[in-house]
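Residue numbers (the working numbering), protein chains in the order written: chain A, 4 to 559; chain B, 796 to 1242.
Watch out, some of these pointers could steer you wrong.
Said to hold, decoys possible - Calculated Cβ distances over 12 Å to all of chain B for the following chain A residues:
| id | residue |
| --- | --- |
| 1 | S71 |
| 2 | P76 |
| 3 | G214 |
| 4 | I263 |
| 5 | S265 |
| 6 | E311 |
| 7 | D330 |
| 8 | P360 |
| 9 | E424 |
| 10 | T427 |
| 11 | F519 |
What the hints assert, rightly or not - Listed next, the in silico EDC-like pairs over lysine to aspartate or glutamate satisfying Cα-Cα at most 16 Å (straight line):
| id | chain 1 | residue 1 | chain 2 | residue 2 |
| --- | --- | --- | --- | --- |
| 12 | B | K955 | B | E1075 |
| 13 | B | K1124 | A | D417 |
| 14 | B | K1070 | A | E291 |
| 15 | B | K918 | A | E401 |
| 16 | A | K129 | A | E184 |
| 17 | A | K304 | B | D1067 |
| 18 | B | K1005 | B | E1044 |
| 19 | B | K943 | B | E839 |
| 20 | B | K1005 | A | E184 |
| 21 | B | K943 | B | E1044 |
| 22 | A | K304 | B | D1066 |
| 23 | B | K939 | B | E839 |
| 24 | B | K955 | A | E84 |
| 25 | B | K1139 | B | E1075 |
Worth flagging that the hints you see were computed from the coordinates, not collected in a lab.
Every residue, glycine too, gets a C-beta built ideally from N, C-alpha and C.
So you can see what is in the structure, the chains are spelled out below.
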Amino acid sequence: MAWLTGALASCIGTIEPAPGTSRRSDAPSELGPQTNARDDLAEAEQPVFPAPPTLHRLGVDELQNTLSDLLGPLTLRAELEPDTALKGFSSIGATELTIANTTAEKLEATALEAAQQVFADEKRRKALLGCAPGAIDDPCVQAFIARFGRRAFRRPLADDERAQMSTLAVDLARSLGDVNEALSYLTAAFLQSPHFVFRVEIGAPDPAVPGRLRYTGYEMASRLSYALWRSMPDDELLAAADEGALATREGVDLAAERMIASPRFRPSLRRFFSENLSLDRLSTLSKEPSVYPQLTPTLKKAMRAELERRFDDLVFTEDGDYRDLLDGRTTFVDAELAKLYGIAGVRGTALTRVELPADGLRAGILGSAALLAIQATATDTSPTRRGKFIRGQILCQEVSPPPAGTNFALSPVDANKTMRERLTVHRTSPSCAGCHARLDPLGLAFENFDGIGAFRATDRGMPIDASGTLDGEPFTGPVALLALLRAHPASARCVVRQLYRFASGHQETDDEERLFDGLTRAFAASGYRLPALMRALVTSDGFRFAASAMSGGTMR
Amino acid sequence: MTRRAVSRRTFLRGTLAGSAVALALPRLECMLDVNGTAYADGSELPTRFGVWFFGNGVRHEHWIPSEVGPSWQPKEQLAPLVDAGLKPHFSVISGLSVKTPFYVHHSGMTAITSGAPMKVVGKVRDTIVTTVSQPTIDMVAAQKLAGKTPFRSLELGVCKFRGTDEGTTFQYLSMNGPNNPNPPEYVPERLFERLFGLMPEDPRFAQITKARASVLDAVRGQIGALSQRVSAHDKQRLDQHFESVRAIERRLSTQGTNACAAPVRPSTPPDDDAKEPIAEKNALMSDLLAVALACDLTRVFTYCFDACGSATYFWQTNASDGMHQMCHKGRNDLVHRAVVFMMKQCARTLSTLRDTPEAGGSVLDNCAILVTSEHAEGDSHTQDDFPILLAGRGGGRLRTGLHVRSTTRENTSKALLTALRGAGVALPAFGHEEGRVTEGIAALEVS
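Isolated chain B (complex conformation) (with noise of 0.2 Å):
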């Protein structure tokens, strides 16, 4: 029996959070060799890749574990993960810095999402605007894993904050190239709408498909004749739309063959403005992505829980401001507590991955996820000894469990190197310029 045979009637009552949903699992164990390694028809499991991100950094004291190796004891603001059980999933990376030319928020920003310097692209009030000058980290990824899920990448994001005119360093996490941004999903019924929203139980599914398909292709004609006679650089922006609406027919042509029912439709709670309910909306897309991953729609996202240099407002924690203000007052507490909270938000993620089980493990397992921010610490805005954590075992390619600490500030780009290995995508190298390593961190990867 194949995979793509499966009824998409297949579902499993399972546990999210604690709370009984209807949740669409393809990957069950009848359909998966004796070892439970790999589907039953010899294909492997997914691997997938994934960012989790955070604005404004952490605070050194209450984040780097004291003790290096399998032992290590969290301080406060990993503690949130370690009290959810995740300790074994994920490993702390420390130690490690920026090496290219910095710039508050934006040089760390560029390159621990894309291990490249930023690109400059215009002045305005008192700053630069930025953008990346390379593809980030997912697409990359992308490049390798995607094409046989519907979505070529998934891109989320949570607390509404959307950055600031500073570039789209500030305001988006996922990008194609420079000033070509993936914008994140903020409203969860959207998502949905956007996963599950035309299900092929309608009638007229397969001519409303072709319809839609040749409209599209018409669509995609006239870009080709457009970029024929525009400037270079509209050139580039006619080429990415022309790849935007060739994903729709792409994923038009796998639809279908999703072996997945919906789940239950999410219903986000109404923001009443002075308290945005942030955990509400994490929870649902972190139900959504695990729903995500585990049917097979995407093999790559990036999770924007908090933009770059967010000032996110932690009603939650007592905050006395927007978050990146707050970092503007020196050190104090109210930062700390607002990157406790920020954890505990990471852990609702990383564990809804872990109780959705997989192929004799979760979700988790098959998964390889940063989790970092753009600044190692926020209220002195340096870029040295940055917070990193690598979680999920990439499908047996990572070690987890462990703290690894650079004692000669080796380059973020390593981390970087070693995710995208742990997820599958067995490079040689990563970044460019500063940001170039040919060495992943060699602690946590599975030869």
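In isolation and in its complexed conformation, chain A is listed as follows (with noise of 0.2 Å):
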């Protein structure tokens, strides 16, 4: 017997917010005079009293990008610490965690080889100093300090801040001899400093909410920027803070807009495509040679390179119904990855696109070999990873884990019984059903598809049975589940849900889960658009409000 305690009363939680948890304001019977006031208060009867405001250590990828954005392309030797996923994403990490001893060794060895690159090169460095100061004392490099360091802090420096770095200028050229070299080492203090490798955010009184704080212009800027660019504001989106243009939800839905609109914000969406999926899982995924020995490192990477052109194809070349990539037909492959799908004429290792056959079991991303792969074992298939994964991934609902004490041993196992026959247990037993009913018929549905994803007719010389219920609904078999995913009500929230924690770096309080109905309805407004809903987040009371941290956010 496979467990040793009880039957699981309630298997599948619901991430909904229990009664009388919700932490609301205590409805301000005034307002403050400004305008914006009634524009702020329109999402909800109740101010949204977001997650208080946080340090979020810049991703390796953002602070490449930053870096040359602020310095032009730069080819380092030096490795940043590799980011570290919690919860689900890396940048949920990113606010959690902190800058530990070797991590900040990585730092100073970028940012010193970073600047020395550009010091080394005399155009660059010309361009970034903007002169060719002959001693320290050059009113040039004062001026280098405020222009560099608004770009580098992503906001004016304070004047301390200025004097500062004026000071660590002239120290420097003492140590080095060199106006260049002291720069030079000037600049990777720049690139040291915790207001560069921390976005930080602490935010300014909300004048039309009391006790509520808004994010100050260039906290906006840069939450926006990183939220959809994945690196530093630009010089526009610096200038509306400047002016003042992201306090309103107007201004801040006008900068949006054009950040959206520009392909810099491809590499936000495909990130979060990637990071909710888990395809990093792909790079460290081992399968036994001998069973499947078609799986090759250049399969792997076909099957991820799959996923992803699939998502930027429908996501910014069609502009399509995100919902699409859960059953569409449209895919592509290259000839290794299309002889596992057995299509044939596909040659050559660039991707091509094809059209799944109409009548055949294989479509959308849970058709595909990556997370087929992934959601498998080294040297068969796993139903209960593959339903796992569509409760969890898909429809955002909370599996219970095996209770404390569980005996994982099953009982012997008839090597000749196929898959399902198997897995009889799981669903009969009355202490292992309560969950894996719910699990493991939306994994048998996609037992025509082994351990690496290619199709089989049989299980062990046995026919498959791919038939099953999701929620009471029944199924015959993969293509008519991916129907019920696609209509159920769980599966777009679940995107809404998911896409807000990436964006804000947190999972979200019980205060912020009331904004979901109002994203989850701008999202269907759009026809299921994904850029559409990340402009309704970025533009939502939840991005651009918080909590005061004195007052008691409910998150982590």
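Assembly of the complex is requested from the two constituent chains, each provided in isolation within its own frame, with the hints serving as guidance.
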């Protein structure tokens, strides 16, 4: 028997807030005189108090993008500390973790090397400095500090910060005996500053809602820029911050519209997509070579590239309905992946656009080799993992883990039995079925695809039964299940929730949960366009306001 | 003659795992007193504390020796260590249990690394997200042992599988505190660069060092000023950032006094994805660890051979799946064979330290190294009767070669306390809440 403990009464948790846990403000009877007050309150009757502001550590790609936006193209030997994903996203790790010893070492090495590379090239050095200072007290050094500092810190420097950097420049010139080298080290100092390596967000009192904070214009510029471009604000965005344009929803929306229209927006959504599906797991995925001899490193790369291209094509090229990813049949394969899919006529290593057979069982990203391979074992399929993935990542339904004291030892299985037969105990034993009856049938729908996603007509010589039910709705096989998932009310809201976590860098608070109805409606109203959802998200109160840290958020 | 006066050119042609390498060894016999037990200038030989960690536990029937005392015989999972001639150099501790509240992987990991309950920081998908509630044991040791060496501690990693997003508990072995990890270096070349990158031979060493120090000092000033304006949560994070920058500054001030020459630059074999070169990486990391300890670059290390709950695929033993997934398939020989493989890798690390001579003995003699995992048995995910080895004689503070077994399921923290005492960290107690103990394992402590 598999479990030592009793049945699981509540296997699937709802993530909806428990009644009475929403923290609402004490409904201010008098609003301030500001004209934008009504606008700020338009979304909900009671103002939402989102999570308190925090420091966001720049991720590896954000640091790299920011460095090249600041300094021009760089080829660095130094490597940065890899990001740490927590609770699903590296952006959440970036608000919870800090700068460890090795992280600081790597930042220092990166900063020094980046600065040296620019200063070693006379043309680039002059362009950066805007002049050729003869001495460290040359006025052009002061101008450089102010100008470069504003871009590096993504806000104007305070007077004391300018003075501190000037003093440092003088010290460095004295130690090094060379003005340019001193300025190279000074540049490296900017690149190691906490104001550079973190997005510093503190907020200022919201004029409309007492006790609430509103992100300042410069903080908002960085929030938008890193959420949408994964890099520093450009001149136009900083200028909008200078002018106070980012204090209103309209101003933020105007900026977001421009940024979302830019090709620079693409890497952000791509990253959301790949992190949300844990595509990085492909790189550490190992399969038994004797079982899957066709799984080469190049095939694994093609599997990932397929999904990324599919996403790009749907979201950016076609401006399509995001739900098409669930059941669409347009995809991209190279020769190796085409062979795995049984598609004839594709040659070479370039991805070719193909239509999967309309009467075939393979459709949508859940039918892609990448996800089928990740949600499988090294030697076989895993309906439990595949089902759990659907519950967790497509429907955002939490599934309780096996209880403490669980004995995982299953009774020996007959090697000739099909996977469905082997898993019968999961679904019939009262103690297992509480959860597995909700997981395994969804995964068993994909039993026609082996542990790396190749089609198979039989399992151990027996015909495959891919039918089942999803929350009471019967389906005959994978394609019918995908249609149910597409229409499931939880699936669109799940995208909203995930994108919110990704963009905000935290799991939603109870109060923020209240935003999801409106965001889901906006998503639907756009015809399920992901860029439109992102635009609604960054203009929402959740992205523009914050609870005071002192008032105590419910996050973390 | 003081040891700091020894030329950095001083090195020894030694052997590491059978192959000749140029190994820098500052502690030549001429530097020692007549007994070979201390430096000629009277300063003590260093003792080091280390953790060698592997994920997913063992199998009791293949791990726990039937006999207690000195004449224990290894079963299959400990045989690789004994076969490497290490039996006189470590003790087996069995019968201890984790006493903190149970949650698969999470509680065992935090208890065995910090002697304290886990700290739950959230939920994701089907599980909890946790971190430690207290600093890990290596950081406790570092408070006492660090200070004289360029590196407060070293964190090394071997298997490339990085833990899942279920919290730092799954991702990191060394923690300064909650959500405050010391990430390991997984690439031997990069560890080499870190240890031996900028050597004092650089003609502008002093100038550059001074410039770097000025920059770091300014950065630290900015961190300090910013930390006055942020939430308590962010202040803690900035405090660590501040410490991290200060650690670089401290190291700059000790650079140039390092009495070691760089060893041969490592070269990691390519990873073709299907067959991760685990044994090869482990060998290179073991060699670098031996040099770092012999050169007194650090006195504290954590060696994350494989992470908590790791899904590393041990192709070397014909695994059917990632290690963690195999554990969920009931009791099978594949899990057992993978543990044997891991213990071979442990034997490689320990024998390298044993074969690195120091003061008439070996580096291993002057270490106290805790070898352990986050579960007792992977396939049942239990935390009763934990697998624990204590390697090295701790400079004479520890008895080795024994199997000691608790028949009353005593607290795993007792082994942790003894390991710390073995490294010269003479604490009266260790651990927190249910993990707290005031006694170690008397049979292993030389009083």
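Taking the hints in turn, this is what the structure says about them:
no.: 1; hint: S71; in the structure: 21 Å, holds
no.: 2; hint: P76; in the structure: 23 Å, holds
no.: 3; hint: G214; in the structure: 15 Å, holds
no.: 4; hint: I263; in the structure: 27 Å, holds
no.: 5; hint: S265; in the structure: 30 Å, holds
no.: 6; hint: E311; in the structure: 18 Å, holds
no.: 7; hint: D330; in the structure: 23 Å, holds
no.: 8; hint: P360; in the structure: 30 Å, holds
no.: 9; hint: E424; in the structure: 16 Å, holds
no.: 10; hint: T427; in the structure: 16 Å, holds
no.: 11; hint: F519; in the structure: 17 Å, holds
no.: 12; hint: B:K955 to B:E1075; in the structure: 13 Å, holds
no.: 13; hint: B:K1124 to A:D417; in the structure: 14 Å, holds
no.: 14; hint: B:K1070 to A:E291; in the structure: 10 Å, holds
no.: 15; hint: B:K918 to A:E401; in the structure: 9 Å, holds
no.: 16; hint: A:K129 to A:E184; in the structure: 13 Å, holds
no.: 17; hint: A:K304 to B:D1067; in the structure: 12 Å, holds
no.: 18; hint: B:K1005 to B:E1044; in the structure: 10 Å, holds
no.: 19; hint: B:K943 to B:E839; in the structure: 12 Å, holds
no.: 20; hint: B:K1005 to A:E184; in the structure: 13 Å, holds
no.: 21; hint: B:K943 to B:E1044; in the structure: 14 Å, holds
no.: 22; hint: A:K304 to B:D1066; in the structure: 15 Å, holds
no.: 23; hint: B:K939 to B:E839; in the structure: 14 Å, holds
no.: 24; hint: B:K955 to A:E84; in the structure: 14 Å, holds
no.: 25; hint: B:K1139 to B:E1075; in the structure: 12 Å, holds
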